[in-house]
Amino acid sequence: MTATLTTLVSFNVGKGLEPDATLTTDSTGDLFGITEVRRGNYDGTVFEVAKTAGGYAATPTTLVSFNVDQPAQFAGLLADANGDLFGTTEPFVQNNGDFGSVFEIAKTAGGYASTPIILANIGGSEAGLTADSNGDLFGTTFGGSALGYGTVFEVARTAGGYASPPTTLISFNITDGERADGSLIVDANGDLFGTTGQGGASGAGTVFEIPKTAGGYASTPTTLVSFSGGVDGGSPLTGLIADANGDLFGTTVDTVFEIKKTAAGYASAATTLVLFNGANGSEPFGGLLADASGDLFGTTSAGGLNNDGTVFEVTGSGFVTAGSPAAKASNGILFWSTDGQAAIWGMDGTKVVAGGAVSPNPGPSWYTVGTGDFNDDGLPDILWQNASTGQASIWEMNGTDLIGGGPVSPNPGPSWRAIGTGDFNDDGHSDILWQNASTGQASIWEMNGNKLIGGGAVTPNPGTSWFAVGIGDFNGDAHSDILWQNTSWQVAIWDMNGTKIIGGGAVSTNPGPSWYAIGLT
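Residue numbers (the working numbering): 3 to 523.
Calculated from the structure, these hints are not laboratory results. Computed from a predicted structure; not experimentally measured. Note that beta-carbon positions come from the ideal geometry of N, C-alpha and C, so glycine has one too. A portion of the hints provided could be inaccurate.
Unchecked claim - Quick list of in silico lysine-lysine cross-link-like pairs, DSS-like style, CA-CA up to 25 Å:
hint, residue 1, residue 2
1, K263, K214
2, K453, K502
3, K53, K109
4, K262, K502
5, K263, K109
6, K262, K214
What the hints assert, rightly or not - Pairwise CB distance ranges (calculated):
hint, residue 1, residue 2, range
7, A216, A480, 26 to 32 Å
8, W491, I176, 39 to 45 Å
9, W491, A83, 50 to 56 Å
10, A345, P409, 40 to 46 Å
11, D189, A281, 32 to 38 Å
12, I335, A246, 19 to 25 Å
Make the full structure from the sequences, and use the hints.
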């Protein structure tokens with residue numbers, strides 16, 4: 003198939019120049035964008051290219067001609083459910099001192115308002131806006147705070163429109179970052195994520211999170227990663243994208259990277275997926291785009307055959323799309339009755355939204371140990387153990403429906419107790435942690451479905467005074483670790499890589515005899 007490029011619009015001084023920002027489209031397919039220059043002045047326009055029965059209009063419609071503010075040349079527009087358009091402007095000293103703005107262009111019965119509504123003055127932004135489920139607007143500035151290192155701000159939606167002035171959620175202080183040039187993303191919990199191009203531990207930029215709290219937002223960003231400027235790259239100048247499992251993807255001037263979401267939060271170091279070397283491009287100043295297969299696409303402003311930039315694709319990135327087999331299932335609760343009956347409640351917060359009894363009932367000699375994804379289909383499965391014989395069995399599940407699995411071979415015998423499940427070898431398949439009730443010996447069975455494919459005894463043997471309590475990723479390396487407690491109530495963590503102990507140790511505070519370690523949250 004031969005690709006064909008069709009030029010829809012050629013700009014001129016009357017209709018605006020230098021449309022540097024990403025386009026936005028509405029539900030009818032009309033295209034919207036920003037130009038930087040109009041009639042030789044740095045004030046710019048917002049334009050629409052209408053979709054027609056035969057394609058697209060050959061001439062853009064100028065919705066707004068700015069005469070005070072200069073639209074940010076890299077930031078696209080945000081359209082809400084009503085079709086209203088929102089954007090940010092940079093400060094331009096000749097026209098507007100040191101202030102940029104957040105603006106709205108209201109959709110009307112006849113099209114769009116010809117004059118933007120200035121919702122808030124800000125310290126200048128090169129990033130687009132993000133909205134949460136309430137319609138509140140969030141953005142970043144590269145200056146404007148008391149310290150001058152940039153901010154994250156919120157323009158809250160109210161019954162009468164939008165709150166003014168904006169709320170400054172974060173003022174960066176170099177240590178936690180400087181100059182946030184990229185747009186933010188918001189997750190299902192309302193937590194905000196973004197990047198700074200400078201600052202951090204090595205001055206090479208950061209990836210940060212601003213957790214949502216009961217009262218609003220944390221006043222200090224959580225630095226997930228500080229780039230070194232070395233092999234992990236540096237200076238992330240664009241925003242992030244997140245996959246269905248919450249893993250974060252982005253670019254620095256040297257790399258395409260991933261930050262894995264773990265049981266405890268996020269990995270403390272970025273995984274480099276691509277290292278740009280000039281020949282394959284350099285300086286990817288645009289953000290990433292993911293397709294339905296999880297392939298990533300982007301541009302570089304330099305490098306390539308003629309050193310004039312590239313368009314690139316990253317396959318095998320590990321980006322998980324919604325609905326794919328690798329997408330993790332929503333949280334739920336597994337119940338077990340003393341008659342052997344299991345039930346699953348699918349939860350949305352504190353509300354039971356799905357689930358029911360699991361069929362068949364294996365009977366009172368079987369008890370549930372826990373859940374894990376043994377067949378790597380993104381859905382939780384159930385691990386059972388027979389109280390009399392020690393036999394383990396895995397039920398591969400789709401909700402409450404049993405779809406596969408079976409007994410695990412060999413049978414470890416009644417002296418071995420299944421503790422729980424985790425992914426110790428980071429292959430996407432849950433594994434089983436065992437402890438011998440007589441000797442205290444721990445053992446890991448690395449699994450593929452209900453087949454034992456590796457693992458073995460964990461050394462040293464902690465002895466009978468220590469009890470394995472639970473499994474989690476304490477050091478953020480995507481390998482499950484083991485939580486222990488002994489008969490003196492001391493808690494300890496073994497950081498694991500497969501069956502090898504690579505770190506950890508005693509937890510500094512002994513909770514004392516009134517407290518039992520139950521598991522991980």
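Looking only at beta-carbon atoms, does the pair I335, A246 fall within the given range of 19 to 25 Å?
Since the Cβ atoms of I335 and A246 sit about 22 Å apart, the hinted range of 19 to 25 Å holds.
Sort out whether K109 lies within 25 Å of K53, counting only the CA atoms.
17 Å, holds
Can you let me know if the beta-carbon spacing of D189 and A281 is within 32 to 38 Å?
36 Å, holds
Given a hinted range of 50 to 56 Å, is it respected by the beta-carbon distance of W491 and A83?
54 Å, holds
Within 25 Å, alpha carbon to alpha carbon, are K453 and K502?
21 Å, holds
Given the hinted pair K262 and K502, is their Cα-Cα distance within 25 Å?
22 Å, holds
Measure nothing beyond the straight line between the CA atoms of K262 and K214; if it is 25 Å or shorter, mark the hint as holding.
20 Å, holds
Between the alpha carbons of K263 and K109, is the straight-line distance 25 Å or under?
39 Å, violated
Between A345 and P409, does the C-beta distance stay in 40 to 46 Å?
22 Å, violated
Beta-carbon spacing of A216 to A480 - inside the hinted bounds 26 to 32 Å or not:
30 Å, holds
Proposed proximity, K214 with K263 (alpha carbon, max 25 Å):
17 Å, holds
Given a hint of 39 to 45 Å, does the C-beta separation of W491 and I176 actually sit inside it?
About 43 Å separates the Cβ atoms of W491 and I176, which means 39 to 45 Å holds.
Of the numbered hints listed earlier, those contradicted by the structure are 5 and 10.
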